[in-house]
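K.L.:
The chain contents come next:
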Amino acid sequence: MTKRFGLQAVVDQLSLDIYEGEFFALLGPSGCGKTTLLRLIAGFERPDLGHILLDGVDLAPVLPYRRPVNMMFQSYALFPHLSVEANIAFGLKQDRLSRREIATRVADMLAMLRLEGLGRRKPHELSGGQRQRVALARSLVKRPRVLLLDEPMAALDKKLRTDTQFELMALQRTLNLTFIIVTHDQSEAMTVADRIAVMDRGRLVQVAPPAEIYERPRSRWVADFIGDINLFQGRLGDDRLGVEGTPAGNLYAASKPDADSGTVVWLAVRPEKIRISREAPVPEVANCTSATVVDIGYLGGMSIYKLRIRDGSTVRAALANAGGAERPIGLDEQVWLSFPPQAATVLAY
Amino acid sequence: MRRRRTSSTWQRFALGLPYAWLLAFFLVPFLIVLKISLSQTAVAQPPYTPVLDVLAGWPGLKAFFAALSFDNYRLLATDSLYLLSYVKSIEIAAFSTLILLLIGYPIAYAIARAPRRWQPALVLLVVLPFWTSLLIRIYAWMNILQREGPLNNVLTALNVVSEPPAWLASDTAIFIGVVYSYLPFMVLPLYATLEKLDESLMEAAADLGAPRWKIFWLVTLPLSSSGMLAGVLLCFIPIVGEFVIPDLLGGSQSPMIGQTIWMEFFSNRDWPVASAVAVVLVCLLVTPLIIYQHQAMRLIERD
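Chains A and B, in that order, are what the protein sequence lines are. The numbering used here puts the first sequence at residues 1 to 349. The numbering used here puts the second sequence at residues 1001 to 1303.
Extracted from the complex, chain A is given alone in its bound form:
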C-alpha cells in the first residue's frame, strides 16, 4: 500500500499481515507514517495504491462509517456536549439497536472499565484517566473486528500509563479482539504487543515479537531505536561468526549474519548482557577486554556503567543492584568486561 501527501510517500509500498486476535503495535519515531497507516485502516485516508483486506474483503473503497473497525483517538475526541453514557451509546444508536440493548451494553461497558456512577457526567467533569477509559469504552462497545488505538496513553502520567497498559492487555485477552496500537514509546509497545512493526520513513523496518526485535534487531537503526545498545564496527571474519578489528579486538557472535566475509559489519550487544569483573575471567573466554570505569549512573534497580576501552571509545554496561556482600565497583577502577557470543548479534547494515 502507498499513500502520498503531495510528492512525499508517507506510507511507502508497505505490506503487512496482522492476525486475528493479535495485539499488534506500530512503532516508530514521529513522522514515520504509523498514524497515517492507522488512519488508512480506519478510512480517514484513502490509499493511493494497494488494498486493505479484512476477512478477504477490500476495505479501501469502504467509507469510514461502514467499516467494522473502531478507533480510539489520541485526543479521545469525546463529544463535549454529550454525557458519558451518550458518548458510549453514540455508535450503537447509529446501528439502530433497541433502547434496551443499548442500555445493557452501555452498562456492561461502564462496569468493565470501572466507570460506574459516572454515566451522567459530561467529559469535562472527568479526570484524564477516566476520559481515556470512556474513549476506550466508546470504541469497544460496537465490538469491532479490529480496534485501532492512536497513542492511547500519550496524555496519561507515567504511573497511570503502566497500570493502563496491563489493563489494556487484560481487556484484549478477555474480549479476544484484534488490537492495533500506534505508539512512539518503545517500552509501551514491548509491554502490550504480541508483535511489533517498527516503521521508519513510511517503510517497515522489522516486524517481529518484542523479544526478537530486542534480541535480534535487523539493523543498527532498529537496535538503536529499541533500547540501548553497544556497537563495535569491524570486518566479518572467514567463519562469518567473528568480527575482526573492532575497537575491542576480535569479537564473536553465535549466529551468522546475512553478509559476506570481509564486509564491514557491526557487532551489537545490549548493556545488560555485559559482565564486569575486577579479575580477568578464568578460564579465558571470548569477547573479553579490559576497561576503566569513567562514569556511573545510578537508576535505582540498576546502574549504568560507562567504561572506556583501550582505544578510548566508551561501552555502556548495565548492572543490577542486587545488594550482594561484595563491594560495588567504583569510579576509575580497572575492570574486565566480557559477554558470551550468544548475547551478541552481527548487523550488516
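What the hints contain is simulated information worked out from the structure, not anything from laboratory work. Cβ atoms here follow ideal geometry from the backbone N, Cα and C, with glycine treated the same way. Be a bit skeptical, because a hint or two may be false.
[Claimed, not checked] Listed next, with one range per pair, are the computed distances between beta-carbon atoms:
no., chain 1, residue 1, chain 2, residue 2, range
1, B, 1011, A, 328, 45 to 51 angstroms
2, A, 127, B, 1015, 30 to 36 angstroms
3, A, 203, B, 1198, 29 to 35 angstroms
4, A, 31, B, 1011, 45 to 51 angstroms
5, B, 1022, A, 68, 57 to 63 angstroms
6, B, 1120, A, 51, 37 to 43 angstroms
7, B, 1295, A, 128, 26 to 32 angstroms
For this one, chain A is given, so just place chain B on it according to the hints.
P.N.:
For chain B alone, kept in the frame of chain A given last:
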C-alpha cells in the same frame, strides 16, 4: 511596596474604566430618557415638563416628582399604533434573523472548511462591505430595486416577469436590505465557533457509524450552538431597532419601531411619548440579552 501601590491604583483604574464608560454613556442617558418618558409634552424649550430645578430646593423637588406620571405608557398600551409597530419590528427582526441564519451558516461552514491559507481572505471578503458607509449601500439598493432599476431589467430580460414589480416600499425590500447589511454579523461569530471545532470529533462520529448528514446534525450543529446564539442576538437586537433600512426601503403604511420613535420625536415633537417607546424597546431587548449572558456564563464554566 510603593510600586505595588501604584500598580494596584492603575489596576483599579483599568478595571473601573468600563464601568465609568457604561455609567456615562449608557446609564445616565438612559435615566434621562426614562425621566422624559414620565414627563408631559409642552410648548417650551425643552419641549416637556417638569424640568428639574435644583435651585428650588426641597419643595421644588417634591413638585417635580409629583408632576411625573405614567400617562405616556398608558397611551402606548391603548393606542394600537405602537403595539403594531413593536409586533412589526419583532416580526421583521425574527424572520430576517432566520434568513440570515440559513444563509450565514453555510457561508461560515464553507469558510471554516476551506484551506487554512484562504480563510483570512474569505473572512475579509465577508467584512469588505463594511468599508463603505451603510447609508451609501442602502442608497445603492434603492437604485437596484427601482421599478426601472437593474434588478427588474435583468428579470424582464430573462422573461422571469412580464410586468416589472415594485420592490421598493415593501417588506421584501426591507428583508433584502436587512439580510444584506447584517450578514457579516451572522457569519463572523459562526465562523469563529466552527473554525475551532475539533476535526477529530467529526472523524470519531464517522468512525462510530454516522453518515455525513448525521455527523452534522448530531455533532457539528449542537457544538456550534454558542456561535448561532451569538449571531442571532447580534442580528436580532439591532434589527428590531433598525431605522435607516426600513425608512429608505420600506413603505410608510406600518412603520417599524425605530420609525415610530423618529416620527414622535421629530414630526410630533412629542419627546415624552418617543422616550416611552424607547424605554419599552430597551426592556424588550434586555430579555434576550440576559438569556445570552446566561448561556455565555454556562459555556465559560464548561471550558
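K.L.:
All hints are to be evaluated individually against the structure, with a verdict given for each.
P.N.:
Quick rundown of the hints versus the structure:
The beta-carbon spacing between residue 1011/B and residue 328/A, approximately 60 angstroms, falls outside the hinted interval of 45 to 51 angstroms. The hint said 30 to 36 angstroms for the Cβ distance between residue 127/A and residue 1015/B, and at roughly 35 angstroms that hint holds. At roughly 31 angstroms, the beta carbons of residue 203/A and residue 1198/B sit within the given window of 29 to 35 angstroms. For the pair residue 31/A and residue 1011/B, the beta carbons lie near 46 angstroms from each other, so the given range of 45 to 51 angstroms is met.
For residue 1022/B and residue 68/A, the hinted distance range of 57 to 63 angstroms is satisfied, since their beta carbons lie about 59 angstroms from each other. Between residue 1120/B and residue 51/A the CB atoms are about 40 angstroms apart, so this pair conforms to the stated range of 37 to 43 angstroms. About 28 angstroms separates the C-beta atoms of residue 1295/B and residue 128/A, a value consistent with the hinted range of 26 to 32 angstroms.
Consistency with the previously given hints fails for number 1 only.
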